[in-house]
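> The lines below spell out each chain.
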Amino acid sequence: MEITEQNIRSSAPLDSGDLRLGEIPLQQTVELVHIDLPADQAEPLLERGVLPGCRICPVRSSPSGDPIISVDGSLLALRRETADCLCVRLLTALQDVS
Amino acid sequence: MDEFYREGEVNPSSSILLEGPGDAPLVAMIGPPNSGKTTLFNRLTGLRQKVANYPGVTVEKHVGRAHLPGDEFVDLVDLPGVHGFSARSLDEQITRDVLEGKIEGLRAPDALVLIVDSTRIESQLMLVEPVLELEIPTLLVLNMWDELEERGGYLDDKVLGEQLGVEITRTNARSGLGVQEVQGFLASVSPQQVTAPERNLTNVPQGVALPMMDAFTARRQHVRRVVEAAGFGPPRPSGASERLDAIALHKLWGPLLFLAVVIMVFQSIFTWAVPLMDGVELLIASSGEWIAATLADSWFRSLLIDGVWAGVGSVIVFLPQILILFLFLGVLEDSGYMARAAVIADRMMYRVGLQGRAFLPLLSGYACAIPAILAARTVDDERDRIATIFVTPFMTCSARLPVYALLIAAFIPQRPIVGPFFGQQAAVLLGLYGLGIVAAVGTAFLLKRTLLKASPGSFLMELPPYRIPSFRSIGLRLIDRSKIFLRRAGTIIFAVTLVLWVLTQFPRTEAGPPPIDDSALGQMGQVIEPVIEPLGYDWRIGVGLLTSLAAREVIVGSLGTIYGVEDDSEDSIVLQEALQRDLTVGSAIGLLVFFVFALQCMSTVAVMRRETAGWKWPLLQFTYMLTLAYVGAFIAVRIF
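Chains as they are written, first to last, in my numbering: chain A, 97 to 194; chain B, 4 to 643.
Just chain A, same shape as in the assembly (with noise of 0.2 Å):
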């Protein structure tokens, strides 16, 4: 089932895609698209290296359930409102391969 989707999404254009990083679920690697966020509070994601095109790994969920991402070796904690502020597309096989 999980192949199905990805071939679904790696044909699909690359636009904005509607997935978000809040409903990727937990050890998933994904690549950021685009980040759906007002310039001042998109500037600390993008110095910590969160840029569209890096890989983000949702590695653990916070006592409340926010969640807690891998980010280039880095470890950093979203809220939530945040996560669903960051437009993501699942990695191909063949990309999850390289």
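Among these hints, one or two may not hold up.
Here are a few chain A residues that sit away from chain B, every Cβ distance over 12 Å (derived from the structure) [claimed, not checked]:
#1 ASP114
#2 LEU115
#3 PRO121
#4 GLN137
Sample of chain B residues at the chain A side, in silico, Cβ under 8 Å [claimed, not checked]:
#5 ARG123
#6 LEU137
#7 MET464
No lab work stands behind these hints: they were computed from the structure.
It should be emphasised that the depicted structure is a prediction, and the values quoted were computed from it without experimental measurement.
Here a beta-carbon is modelled for each residue, glycine too, at the ideal position from N, C-alpha and C.
On the provided structure of chain A, position chain B as indicated by the hints.
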């Protein structure tokens, strides 16, 4: 160079640092938070360092002198840890201003040491490009190199240096690996003879018409290319950190551990500190007695013993408590747990309009509001920061304790409520703490819906790997704290007790000092009596309240003087009896409520003014808290 110290906490006559302009090169140390920057700074400077404040703002400035082999030395500035230069937080603003040479009285640095955590090199290098654009000689320090290797990571640092065009060295600040190489770089720095060209440091390169997102993407791609060329193999995730996080951020154990840590910090402040505080008190009392016995009876002895020793001594007693708090905060921060605690606290804080980063300042507020307000500078959203420091004085600081202790002992009978350990007195004390929290939460809630209204900000917290704290580093910080605290006690409290003492001595009668009712202080008290009368206080309590505006605990000493009690520590029973005569239970509870709410601390007001760069917030805070205190006391008198 005097200006450098103008608003500082440090004695300007100290000869250790920055003796004159240009006599040693100035090197700034910068890096992201938790990259081990301060540990390296401590390695290089040891005890030859100071904490001062930057002029105009209360962001602390750590300066030190590094002695190098061959009798050479350079001056080092340890800048706050930052991720970028958008100047969102005070820390970022300061870092930017220092690097651009725009800090009044501090010349632009001659060289930079940029420290990054090798295990997280990709995100850490985002800081490199804007720093290198400054074209100041820079050493890139790959810290925690041994950890990178231990966890199976790889990086060709030579290629990395070539690619970035910067001198590079591997270190492990804690074990001392590579410190010699850093010293070698420092020895090569020469002071710039000419004034540095205008420098501009921003996240987005100057003169490039790129939208912010593209500028970052370009920088990110550059970093990736460089890191790939250096053959970077990322280290395995730290297994120990993951296992610890499985507990610290667990749905059930996480909040329980959080609670246990908070309780332990409290327990340490209120029970473990007591023997130490008793020791300090004994030392002050016996030294006072010794001086009293040595000096002849004169106005000078009265001033020294009744004024200075009693006043300043009553504050120095709190030093052990404050040091224990800072020891805990240091361990929690350096171990990496504080970041997890902030994550756990965030949801709770968010509901009342604050954010997770406010947890540390609010916790510090239980010892003293002043370091707490300084700690709030890590709150990166300006509105959140103002809201945090606005409510911080509601946290029951240790200066309220002597007042609570006196009034509770005098008016609340010791009856057990639950078992032998939890009595009525403890319940009242707990209630006062609770009332403070309710006031803080309510005020934050109100502020974020009115004056500081904003769309919900974001919260972003980097969780560094867990590390064993360096006790050398924490020890040095405790020494800093002691100096700052003692200096404060030696200036502000000293001045207040001096003025008070003088006011009790005039107008002189033929027999010497006037009776307290006729003294200038007594007359002032009678002027304000109508204002406090509805609360059930006479002029004596009024004067006590007036003097407590300088610092809360002063009221204990003032009441002691006013009631003719010479030594409040020995005769506190007499003071209690005097209070029982003059106050009803209702007005005593009212007085307790007054102390929960009122901002009776001029140091806090002064720090607020500096931290908010104006009088608006401190005046509003003072008025608001005083109104709340008056109304609260008024209601309490009528209920009880």
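> Indicate, hint by hint, whether the structure satisfies it.
Hint check results:
Every C-beta of chain B lies more than 12 Å from that of ASP114 of chain A, the closest at about 20 Å, which supports listing it as non-interface. At roughly 20 Å, the least C-beta separation between LEU115 of chain A and chain B is larger than 12 Å, which holds for a residue marked as non-interface. Against chain B, the non-interface label of PRO121 of chain A holds: every CB pair exceeds 12 Å, the least being about 16 Å. Its closest Cβ contact with chain B, about 5 Å, brings GLN137 of chain A to no more than 12 Å, contrary to its assignment away from the interface.
Interface hint at ARG123 of chain B: satisfied, since its Cβ lies 5 Å from the closest Cβ of chain A, which is below the 8 Å cut-off. The criterion of a C-beta within 8 Å of any C-beta in chain A is not met by LEU137 of chain B, whose closest approach is roughly 17 Å, and the hint is violated. Hint status for MET464 of chain B relative to chain A: holds, with the closest Cβ pair at about 4 Å, below 8 Å.
Consistency with the previously given hints fails for numbers 4, 6, ordered from lowest to highest.
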